[in-house]
Amino acid sequence: MAETKTAAARGYDWPDEGELVVCTVTNVKNFGAFVTLDEYEAKEGFIHIAEVSSGWIKYIRDYVREGQKVVCKVLKVDKDKGHIDLSLKAVNEHQRREKIQEWKNEQKAENLLGIVAQRLGKTVDECWQEFGYDILDSFGTLYRAFEESVMDEDALEGEGFKGPWVKTFIEVAKENIIPPHVTIDGYVEATDFCPEGAIHIKEALAKAAMESDGLSVKVQYIGAPRYRVVVRAPDYKTAEEEIQKAAARVIKALTAKGGEAKFHRKD
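1061 is the number of the first residue of the sequence shown in the working numbering; add one for each residue after it.
No wet-lab data here; the hints were simulated from the structure. A quick note: this is a predicted structure, and the numbers were derived from the prediction, not measured. Each residue gets a CB set at the ideal place from its N, CA and C atoms; glycine is no exception. There is no bait here: all hints are sound.
With a cut-off of at most 25 Å between alpha-carbon atoms, the simulated SDA-like pairs for lysine to any residue come out as follows:
| hint | residue 1 | residue 2 |
| --- | --- | --- |
| 1 | Lys1129 | Trp1163 |
| 2 | Lys1133 | Asn1087 |
| 3 | Lys1129 | Arg1156 |
| 4 | Lys1322 | Phe1253 |
| 5 | Lys1222 | Ile1237 |
| 6 | Lys1297 | Pro1239 |
| 7 | Lys1317 | Pro1285 |
| 8 | Lys1267 | Thr1315 |
| 9 | Lys1103 | Asn1090 |
The calculated label-pair distances, taken between Cβ atoms and stated as ranges, are:
| hint | residue 1 | residue 2 | range |
| --- | --- | --- | --- |
| 10 | Ile1175 | Arg1125 | 32 to 38 Å |
| 11 | Ala1316 | Asp1194 | 50 to 56 Å |
| 12 | Gln1280 | Glu1153 | 27 to 33 Å |
Please build the complete structure, drawing on both the sequences and the hints.
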């Protein structure tokens, strides 16, 4: 994932050529569109009509309109003239969604820093000076620091940060950030031909299910004798470990009752 710069916080006045930027369309003309760069103190940029779309454009307003948020690639920056040339067509849909999400995340993170500042009895600027800039240097983005603090309470200290603000930072992170997660699945083939086999299978499958902070294991019926095991975890390594543990619990419980069970990672 491309790193998002908190431009205003870092003191960046101009974007780099090749950088993706979030813009607001302010004025649409027949020859192109003027925009402001949201991350650079509303500096003005221009998208020539040839950079709006790869195809032929009959009506430019079919592609851009005033007030619209767009993601553009910076083609050229002329600081002396104050010109920023941008391209809309050079950004694909995946890049657009990713950039918008990063931008939203960083906006949220800056709001959370405001909460941290309030609880510490400081101004936001004082927080930036005391630890904010250093957090950007260590984590790349402010949001990533909040996110990692939720997943690992020692993340900040692991980067060498100390002080009374650390505890408050973690508290605010936990109250407002939902940690990222991954989902994987596999399936168990469970059979038990004794008179109470159905009960044994149900009890064994119940051994797989669990839920704790950031981790869940659920069992879904596919069609006898197959049952899907779905694991939701913070990362793939943890998810793989937990799905194997869950399957092992089912196999152990069912074989103890005289039944059989086999686990398959993929259907």
